[in-house]
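Each protein sequence line maps, in turn, to chains S and C.
The opening position of the first sequence corresponds to residue 0 in numbering that gives the first Met the number 0, with each subsequent residue numbered one higher.
The opening position of the second sequence corresponds to residue 0 in numbering that gives the first Met the number 0, with each subsequent residue numbered one higher.
The hints are simulated quantities; they were obtained by calculation from the structure and are not laboratory data.
Glycine included, every Cβ here is placed at the ideal spot set by N, Cα and C.
Hints are supplied without guarantee of correctness; some may be wrong.
Label-pair restraints from in silico Cβ distances [claimed, not checked]:
{"no.": "1", "chain 1": "S", "residue 1": "A23", "chain 2": "C", "residue 2": "P77", "range": "26 to 36 angstroms"}
{"no.": "2", "chain 1": "C", "residue 1": "K88", "chain 2": "S", "residue 2": "L3", "range": "38 to 48 angstroms"}
{"no.": "3", "chain 1": "S", "residue 1": "R105", "chain 2": "C", "residue 2": "D95", "range": "46 to 56 angstroms"}
{"no.": "4", "chain 1": "C", "residue 1": "I22", "chain 2": "S", "residue 2": "A101", "range": "39 to 49 angstroms"}
{"no.": "5", "chain 1": "C", "residue 1": "E50", "chain 2": "S", "residue 2": "L49", "range": "53 to 63 angstroms"}
{"no.": "6", "chain 1": "C", "residue 1": "E46", "chain 2": "S", "residue 2": "I78", "range": "51 to 61 angstroms"}
Derived DSS-like pairs: lysine-lysine, alpha-carbon spacing no greater than 30 angstroms straight-line [unchecked claim]:
{"no.": "7", "chain 1": "C", "residue 1": "K157", "chain 2": "S", "residue 2": "K141"}
{"no.": "8", "chain 1": "C", "residue 1": "K119", "chain 2": "C", "residue 2": "K88"}
{"no.": "9", "chain 1": "C", "residue 1": "K157", "chain 2": "C", "residue 2": "K48"}
{"no.": "10", "chain 1": "C", "residue 1": "K157", "chain 2": "C", "residue 2": "K65"}
{"no.": "11", "chain 1": "C", "residue 1": "K40", "chain 2": "S", "residue 2": "K141"}
{"no.": "12", "chain 1": "C", "residue 1": "K178", "chain 2": "C", "residue 2": "K157"}
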Amino acid sequence: MNILSLFQNVFAPPRDLILIILAAWVGLTLSEKRAPLHRVNLDSLSNLLLVSMIGFVVSGRVLYALENLSIFAQSPASIFSLNTDLFDQWSGLAIAVVTAFAYGRRAHLPLWPSLDTLTPLFATLAIGIAFSHLASGLAFGKETNVPWAIDQWGALRHPTQIYEIIASILTLVLILIQKPIAKPGFEFLLFVALTSASRLVIEGFRGDSTLILGGFRAAQIAAWPILFAALASIDYQKRLGHEKE
Amino acid sequence: MQPILRRSLFAMILLTGLVWIFISADRTNSATAGRIPAPQKGFLAPEFKLETSDSQSISLTDYRGKAVLVNLWATWCPPCRTEMPIIEKVYQGYQDQGLIVLGVNSTNQDDPTAVTPFVKQYGITFPILLDVNGEAASLYELRSLPTSFFIGRDGIIKEVVVGSMSEALLRANIEEIIK
Chain S
0 MNILSLFQNV FAPPRDLILI ILAAWVGLTL SEKRAPLHRV NLDSLSNLLL VSMIGFVVSG
60 RVLYALENLS IFAQSPASIF SLNTDLFDQW SGLAIAVVTA FAYGRRAHLP LWPSLDTLTP
120 LFATLAIGIA FSHLASGLAF GKETNVPWAI DQWGALRHPT QIYEIIASIL TLVLILIQKP
180 IAKPGFEFLL FVALTSASRL VIEGFRGDST LILGGFRAAQ IAAWPILFAA LASIDYQKRL
240 GHEKE
Chain C
0 MQPILRRSLF AMILLTGLVW IFISADRTNS ATAGRIPAPQ KGFLAPEFKL ETSDSQSISL
60 TDYRGKAVLV NLWATWCPPC RTEMPIIEKV YQGYQDQGLI VLGVNSTNQD DPTAVTPFVK
120 QYGITFPILL DVNGEAASLY ELRSLPTSFF IGRDGIIKEV VVGSMSEALL RANIEEIIK
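Okay, chain S solo, but in the shape it has when bound:
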């Protein structure tokens, strides 16, 4: 049994979620250490995370139940089920972001320094998600004959999950080596730029992309404007800093 098979056996779903929880723990620790550098109140930030996490969990389940009302009407107790599949993650995430913004305003947390502080958490979560993809075999690559191809789902494929792990680790390292410079928001924008750029590249090797008209990959079409916006914001921020000097 090779290392990859061993890893996939140990962290086979649903145990792959352990990797995301572990990443969240490491990410929170890193963010907490960087909070004083960005002059962000750590208690308020911790409360913000707790509130948005509650918003994520509750709204994700409640919205899923509302979308499948006829099913839940037949077994109402399932609303408290431990099945993580009974969950609308995108709606939950949207509510979590709205909750975080609302709480941040109420607690007078500065937007850009708070986002900078949380950036190591986001970057570490991206690593955890990449490892969970490797464990579950999701986000798999397209067929290839490259020497480093892996045997997965009945074919030799690009190891896109490993590309994802490498890209997300490099992103975290590039963020951590940044000095907490007097340009609030830079670390967060750098994270967004690097993550969207790596998604744009890696998606081209995926074997499970959602295709739109002309065979274009939907994730790439979404990642390009995000990359554009992040680079434009970094440029604007640098220009402002230059003018002040």
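Got chain S sorted already, so can you dock chain C onto it with the hints?
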């Protein structure tokens, strides 16, 4: 970095991104999901042929064109025991709509003599297949018990659920495959 250099670099990154989007577009839909058998969502369900305890041979291809739930389980597995009555209850409600449930007992890691009493105890009416040599477990890369595969009428796996299912999850996935 000078602003002009920085903007040139950013423009080059964005342009390269656009070119990559065009180069990596999948115009021939070369994705193999749906065409080759693999135990993953979006792939063809791997074919197997097993016998029931009364020596009746059942093959997955017998049910092509029907919505099929393949549930891999064992008598000693507590989550399997929890979900089995739920599967039976839901099966009773959906069998008129063409739902097929195949309970594949992982006999190679179970006590074969415990299967029939288990089936009687839980009043199971859907076919129970005995995976004596672990053929189905191997084809479906079984790593945890129970594991359920929801297969659509086209023979493609629509969802894989590892672990015990609640009634709502079971119903939600069945609704998807009987469409």
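Checked hints:
1. S:A23 x C:P77: 26 to 36 angstroms: Hint holds: Cβ distance 29 angstroms, inside 26 to 36 angstroms.
2. C:K88 x S:L3: 38 to 48 angstroms: holds (40 angstroms)
3. S:R105 x C:D95: 46 to 56 angstroms: Since R105 of chain S and D95 of chain C have Cβ atoms about 54 angstroms apart, the given range 46 to 56 angstroms holds.
4. C:I22 x S:A101: 39 to 49 angstroms: Once the Cβ atoms are compared, 43 angstroms apart, the range 39 to 49 angstroms for A101 of chain S and I22 of chain C holds.
5. C:E50 x S:L49: 53 to 63 angstroms: Hint holds: Cβ distance 54 angstroms, inside 53 to 63 angstroms.
6. C:E46 x S:I78: 51 to 61 angstroms: violated (38 angstroms)
7. C:K157 x S:K141: Status holds; Cα separation ~19 angstroms.
8. C:K119 x C:K88: holds (15 angstroms)
9. C:K157 x C:K48: holds (21 angstroms)
10. C:K157 x C:K65: Holds. K157 of chain C to K65 of chain C sits at ~13 angstroms (cutoff 30 angstroms).
11. C:K40 x S:K141: Distance of about 15 angstroms is within 30 angstroms: holds.
12. C:K178 x C:K157: holds (12 angstroms)
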